[in-house]
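Visitor: Listed here are the chains, written in short residue letters.
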Amino acid sequence: MAAGGAGGKTYSFKVVLLGEGCVGKTSMVLRYCENKFNDKHITTLQASFLTKKLNITGKRVNLAIWDTAGQERFHALGPIYYRDSNGAVLVYDVTDEDSFQKVKNWVKELRKMLGNDICLCIVGNKIDLDKDRHVSVEDAESYAESVGAKHYHTSAKLNKGIEELFLDLCKRMMETAQAEERLKGNGASQSASSRRGVQIVDDEPQATPAGGCCSSG
Amino acid sequence: MSTDKQRGIHVSQEELLCKNSCGYYGNPVWQGFCSKCWREKARIAGASRQDTRPSNDGTPLTFSKFEEKKSTEKGRRINTMRRLFWGSPSPPKLQESSESHANVLKAYQSLGAGDFTGFLKILKSPSSQRLQSRCTAFLNTMEAYHDLPVQKQSDLVQDFYQSFAEYFNSFPEAQVTEIMEHVEKLIMTRLHKWVFCHDSCDDEQKDLALQRRIRSLNWITPQMLSVPFPDKKIEVTGDPFLPAITAIIEMDAKRAPQDKLACVSKCSQHVFEALSTSNSEPANADDFLSGLVYVVLKANPPRLHSNMQYVIRFGLPHSLMAGESGYYFTNLSCAVAFIEKLDGPALNLSQEEFEGYMLRQRAPSAGKRQQVVSDTQHLLEELQGRQEKLDQGMDSLSVQLQSWVHAVNSQLDEATAQFALVQTEVTAKTESSQVLSSSSHDALLQGDDKDESVLKLMDQHAGPQDTDC
Ligand SMILES: Nc1nc2c(ncn2[C@@H]2O[C@H](COP(=O)(O)OP(=O)(O)OP(=O)(O)O)[C@@H](O)[C@H]2O)c(=O)[nH]1
Ligand SMILES: [Mg+2]
Ligand SMILES: [Zn+2]
Numbered sequence: 001m002a003a004g005g006a007g008g009k010t011y012s013f014k015v016v017l018l019g020e021g022c023v024g025k026t027s028m029v030l031r032y033c034e035n036k037f038n039d040k041h042i043t044t045l046q047a048s049f050l051t052k053k054l055n056i057t058g059k060r061v062n063l064a065i066w067d068t069a070g071q072e073r074f075h076a077l078g079p080i081y082y083r084d085s086n087g088a089v090l091v092y093d094v095t096d097e098d099s100f101q102k103v104k105n106w107v108k109e110l111r112k113m114l115g116n117d118i119c120l121c122i123v124g125n126k127i128d129l130d131k132d133r134h135v136s137v138e139d140a141e142s143y144a145e146s147v148g149a150k151h152y153h154t155s156a157k158l159n160k161g162i163e164e165l166f167l168d169l170c171k172r173m174m175e176t177a178q179a180e181e182r183l184k185g186n187g188a189s190q191s192a193s194s195r196r197g198v199q200i201v202d203d204e205p206q207a208t209p210a211g212g213c214c215s216s217g
Numbered sequence: 001m002s003t004d005k006q007r008g009i010h011v012s013q014e015e016l017l018c019k020n021s022c023g024y025y026g027n028p029v030w031q032g033f034c035s036k037c038w039r040e041k042a043r044i045a046g047a048s049r050q051d052t053r054p055s056n057d058g059t060p061l062t063f064s065k066f067e068e069k070k071s072t073e074k075g076r077r078i079n080t081m082r083r084l085f086w087g088s089p090s091p092p093k094l095q096e097s098s099e100s101h102a103n104v105l106k107a108y109q110s111l112g113a114g115d116f117t118g119f120l121k122i123l124k125s126p127s128s129q130r131l132q133s134r135c136t137a138f139l140n141t142m143e144a145y146h147d148l149p150v151q152k153q154s155d156l157v158q159d160f161y162q163s164f165a166e167y168f169n170s171f172p173e174a175q176v177t178e179i180m181e182h183v184e185k186l187i188m189t190r191l192h193k194w195v196f197c198h199d200s201c202d203d204e205q206k207d208l209a210l211q212r213r214i215r216s217l218n219w220i221t222p223q224m225l226s227v228p229f230p231d232k233k234i235e236v237t238g239d240p241f242l243p244a245i246t247a248i249i250e251m252d253a254k255r256a257p258q259d260k261l262a263c264v265s266k267c268s269q270h271v272f273e274a275l276s277t278s279n280s281e282p283a284n285a286d287d288f289l290s291g292l293v294y295v296v297l298k299a300n301p302p303r304l305h306s307n308m309q310y311v312i313r314f315g316l317p318h319s320l321m322a323g324e325s326g327y328y329f330t331n332l333s334c335a336v337a338f339i340e341k342l343d344g345p346a347l348n349l350s351q352e353e354f355e356g357y358m359l360r361q362r363a364p365s366a367g368k369r370q371q372v373v374s375d376t377q378h379l380l381e382e383l384q385g386r387q388e389k390l391d392q393g394m395d396s397l398s399v400q401l402q403s404w405v406h407a408v409n410s411q412l413d414e415a416t417a418q419f420a421l422v423q424t425e426v427t428a429k430t431e432s433s434q435v436l437s438s439s440s441h442d443a444l445l446q447g448d449d450k451d452e453s454v455l456k457l458m459d460q461h462a463g464p465q466d467t468d469c
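Respectively, the protein sequence lines represent chains W and G.
Residue 1 is where the first sequence starts when you use this note's numbering, and the numbers rise one by one after that.
Residue 1 is where the second sequence starts when you use this note's numbering, and the numbers rise one by one after that.
Bound conformation, chain G alone (with noise of 0.2 Å):
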């Protein structure tokens, strides 16, 4: 959890891109290379292997033809696995004594919302294990699996969730959802790395289009896009809209899709909060799908598309159809597709204008480059001097506090100072007054002793904490 917290804004391009420096994406399950070269690699790899195979009739398979058998064994294999978790389409049979299913219920029934660990505990249980050996085998044979097309393997979760949800159609629906919820996190937080950006579909290169086409448009402004945006003082306040930047990047970090979803739902509910600065009326659907659209253009979050595929594919049905997630995650989609859709007339610009701007854009050295090196250098140079002005700053506040404990030290000098010389007269009184007749040698004597124990007071008030006393 927390782990992803962290990646969730700290990690950089670099990390996220394939280790072959090719400018796609890297991704775990290959490597950290795209998968691109993960295959090129893996390919080389593999033709020094399978010169040495003695192939069946001598001529080695095809490419194509290879891939074609195994697909079908691949369909094969479906059959036999649906045969094997939801061969029948009646709710599971129960083996177990009905108490011990009743009981079972009641653990699941009295978990409280959002208990995921709860959740885990009951599913451990004995009394569980017939749900629990359910996910395992599951999850098991996914992975053994994990190179099905990405759609089979969206049907085969699809259907785990429905017969899983079967399990407990005794319960509200609520209930039922709440479950569902944690038996999705658990399932996809172990599949993430083998069926997310899978290499069965294109969804690589349509992120690295949707990836250049924003930055192509970086040249849009928020009064391009009509987003109620407060004027000028950016500078001043920021970026309202930089916390709704920072959600939707942060959902390419999470593993599960409900809690990508709410990295959707978290930005959407800045993005309302950034227009409530500059509106005071409620925002409208208008207002918002721009300040998603500028929210996303200005992200320029990684991996987008195959993030919102992700959770069409293996988010929970219901979550994606009448909720609020549901309803931000649409708003989402609508922005990506102006994005990609987006021409002159959409920003209040004639298509002459629109296309200088992508033209300016596109050239490699032009002024836009010269800008942000400019901007970054003076931003630099601001630093720096800042930094400056702090270590000066701290300078003259080790010397003000050198020369206050300077201060104190003669202060306490002096007031100690006075103490012995009030006590010697205290004690000549008293001495003068009380023993008449003593000789001047004992009052010496008797004066030293007193200069001693003034030293020794000295002493103790050199130490701070003594000065109290």
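Extracted from the complex, chain W is given alone in its bound form (with noise of 0.2 Å):
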């Protein structure tokens, strides 16, 4: 019964969306989970917790993407939506200046309680209306580089650049699990012990009872 399960592996990731109202957030994973654009026949209930199944090079991967809710009210509640992400796709809308600026404080308070566990996107969602472009590509590119993150444009309305950007924020996923799995060698589960941080097990010397009441377990 050696681990069988050298291709069977399934990764799981969890990945937020965070971004201010109406910049598209909504609209980038229903298009990009159902195909779907503003489509009066949209028969989900609910487009806040969204999964996709997908398979690069040969492994299995779950997506789950989790909406944030992003009302200013709610502002505080950040760190427990993203603890325990693997990834963050951080949305704006090209139009709109604001948006960006909300997106650099989403990007310092993630690598504050995060650091680079986790794999930020950028994302300039509504490339469609580029004519009323109001952050300039190469201002949000340098940004994006300059927080070791990486940029994305895209239009949901078009269909333009989603399916590249969950895909590349995948393989990085998968990388930077791989790394960690080397460093933490290949023996463990890794769930249950990431979740539950470091098993301190104490080696003081103890007189167990070979046998005890249970040596048929």
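FYI, nobody ran anything at the bench for these hints, they're computed from the structure.
Keep in mind it's a predicted model, so treat the numbers as computed, not measured.
A hint or two may mislead.
[Claimed, not checked] In silico SDA-like pairs for lysine to any residue, Cα to Cα no more than 20 Å straight-line:
| # | chain 1 | residue 1 | chain 2 | residue 2 |
| --- | --- | --- | --- | --- |
| 1 | W | 9 | G | 162 |
| 2 | W | 59 | G | 169 |
| 3 | W | 9 | G | 169 |
| 4 | W | 59 | G | 177 |
| 5 | G | 341 | W | 78 |
| 6 | W | 59 | G | 279 |
| 7 | G | 266 | W | 45 |
| 8 | W | 59 | G | 162 |
| 9 | G | 341 | W | 80 |
| 10 | W | 9 | G | 174 |
| 11 | W | 53 | G | 324 |
| 12 | W | 9 | G | 170 |
| 13 | W | 52 | G | 169 |
| 14 | W | 9 | G | 173 |
| 15 | W | 52 | G | 162 |
| 16 | W | 59 | G | 174 |
| 17 | G | 341 | W | 77 |
| 18 | W | 53 | G | 173 |
| 19 | W | 9 | G | 163 |
| 20 | W | 9 | G | 211 |
[Claimed, not checked] Beyond 10 Å from chain G on every Cβ pair, some chain W residues (computed):
| # | residue |
| --- | --- |
| 21 | 32 |
| 22 | 45 |
| 23 | 46 |
| 24 | 51 |
| 25 | 54 |
| 26 | 55 |
| 27 | 67 |
| 28 | 105 |
| 29 | 111 |
| 30 | 112 |
| 31 | 121 |
| 32 | 127 |
| 33 | 130 |
| 34 | 139 |
| 35 | 159 |
| 36 | 180 |
Don't be surprised by glycine CBs; every beta carbon is placed ideally from N, CA and C.
Each chain sits in its own coordinate frame; assemble them with the hints.
Guide: Written as structure tokens, this is what we have:
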């Protein structure tokens, strides 16, 4: 029964979606997961938790996309949402300078709370409205680079750039996960230990009855 | 199962509260008392015993010293248990023949999704004896050391999950997950009464604080929370969030962490459904969280803090990491955090307005109480009115029924009479045509016979079943 899991391993990633109201977060995930945009026939009750299954270079990936409450009154709750997340998609509207400022605030907070373990994507949405652009491409891209994030341009309306964005993000999260596995050594199962922190094992010598009450176990 | 279901909705507040009526929640582990009253009771009982007990050095141990000693003892015990159950970091050594081992694995692998009974059957089968005795030994040990600090207990349970899962590490992940859900259910259904809202932590006080906080905020309207809400029509259709409220209250009645989580998920689904009644677009995270905050405020779910801590401590880690139930649980954590911190601006109120509401809320005999009383009275009156109407309706119905029976009977009488008449006429005719020379005496006799048979017929018709003959 040697670990037959080499090819059978499934990656599960949690990605949080951050950004000001109306920049197009919901439109983007609905486009990505259900290929719909402003559709009157959208039957999903909710667009706040969506999943997508991918197969990347033979590895299965389960992607869970978490929409987060972005209204000001909920601002302090951010850390509860993005705890344990592998990636963050920070969306702004290219026609709205303010929404780009908001993204900068999120980046600061995420880096402070999660360090470099989290893969950041900064996304300028609504590029179909390029004539009304208020955030310059150079500014956005150089900012992203300065904070170790990747920058993407998308249009949920025209279905541009979204597939690429999530695929790229998944690849980066896989790399991070693999690097982490190498660090930890391949033995331990990840989920339990990572959730519960380092297990301190007390090695104080202890007279343990050989057999004990549960020799059957 | 069925009792759980019942308890979810029908349990009255009094049944949950401490038997000492101190206002805290009681717990079956403490025989229905809260931990404080239970400790009080135990101390009084213990004091009389302690008096007669000789102490080693003449001076009784102070309580804190006693506790200290106990906790170091516990520490040692944990070590011992570690060694006994999972001393070796590698997967369990296999003592059985590899053949029977393979057979057990095959049995577990063939298990249908969600088939807990099937799982128990396999676990109890002789070939699975090793796993079964591990479970039993673990449960017995946990029960014996149920006064360990709750964090230690959580560690032990999580370690147990991990080492148990290693037994199945040749299985695909989804299948291991399913098996582990059964294991969680088995383990935690047994341990619930020992580790839920444990004596060693302040869960109980936090429950009480949260409960008070929610009660003090009962003036908050859906509008203040910007919850999409159908306007005005509440009286007609009822609160659309009611199913969600019921679901979150049910959480306390479940014992396995996964079942508690399932209540949170069910509640969330109902929130989305409620939101969709006043929103044509799919709900976004802001709508959802607002809705959930409203539901928590309305429900004031029993022992909410304890329930959430219990899920975090003793639930399977994967379900809280990235799955859908994890998303809902996280939002519930957000809702609670929001409620705890909530101030005026968060509700679009000025700080003065907010404080005004809170003050009015606190004033003991203020209009609010009167309002509730008169509301209740009004409801009762309405109910009484309905009851009277119902009684009247019943009366008139039975009157109608009676008169209908009468009508049917008299119709029957009439019909039989007519039938008899026709019959005599017919016989008379045939007789007159066939037996030309019959005496008048004979005819009279025959006529009497006919009358008797008609009477018999009438008797038969009185019974309702025979009407079709
Ligand atoms: N032209 C254009 N409009 C878009 C695009 N993406 C979204 N929109 C529009 O922008 C508006 C807001 O989109 P949402 O997807 O609801 O934005 P959101 O970020 O989810 O907003 P909140 O849920 O309120 O935080 C909608 O009217 C969309 O039709 C895009 O790529 N191009
Ligand atoms: Mg949205
Ligand atoms: Zn009490």
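Visitor: Find the nearest Cβ of chain G to the Cβ of residue 67 of chain W and say whether that gap is larger than 10 Å.
Guide: violated (4 Å)
Visitor: Quick one, are residue 59 of chain W and residue 174 of chain G close enough, alpha carbons at most 20 Å?
Guide: holds (15 Å)
Visitor: Between residue 52 of chain W and residue 169 of chain G, is the straight-line Cα distance small enough, at 20 Å or below?
Guide: Given pair residue 52 of chain W, residue 169 of chain G is violated - Cα atoms ~25 Å apart, limit 20 Å.
Visitor: Classify the label on residue 112 of chain W as holds or violated, using whether its beta-carbon is more than 10 Å from each beta-carbon of chain G.
Guide: holds (18 Å)
Visitor: Does the claim that residue 45 of chain W lies off the interface hold, with its Cβ farther than 10 Å from every Cβ of chain G?
Guide: violated (4 Å)
Visitor: Report holds if the minimum CB distance from residue 111 of chain W to chain G is greater than 10 Å, and violated otherwise.
Guide: holds (21 Å)
Visitor: Is residue 59 of chain W close enough to residue 177 of chain G, meaning Cα to Cα at most 20 Å?
Guide: Cα-Cα ~19 Å, so holds.
Visitor: Would you check whether the claim that residue 127 of chain W is not at the interface survives, using Cβ distances to chain G and the 10 Å cut-off?
Guide: Non-interface label stands for residue 127 of chain W: nearest chain G Cβ at 22 Å, farther than 10 Å.
Visitor: Compare the distance between the alpha carbons of residue 9 of chain W and residue 169 of chain G with 20 Å, and conclude whether the hinted pair is satisfied.
Guide: holds (11 Å)
Visitor: So is residue 54 of chain W really clear of chain G, every C-beta pair being over 10 Å apart?
Guide: holds (14 Å)
Visitor: Straight-line Cα separation of residue 9 of chain W and residue 173 of chain G no greater than 20 Å?
Guide: Holds, because 7 Å separates the two Cα atoms, which is no more than 20 Å.
Visitor: Within a Cα-Cα threshold of 20 Å, do residue 9 of chain W and residue 162 of chain G meet the stated pairing?
Guide: holds (17 Å)
In summary, the numbered hints that this structure violates are 6, 8, 13, 15, 20, 22, 23, 24, 27.
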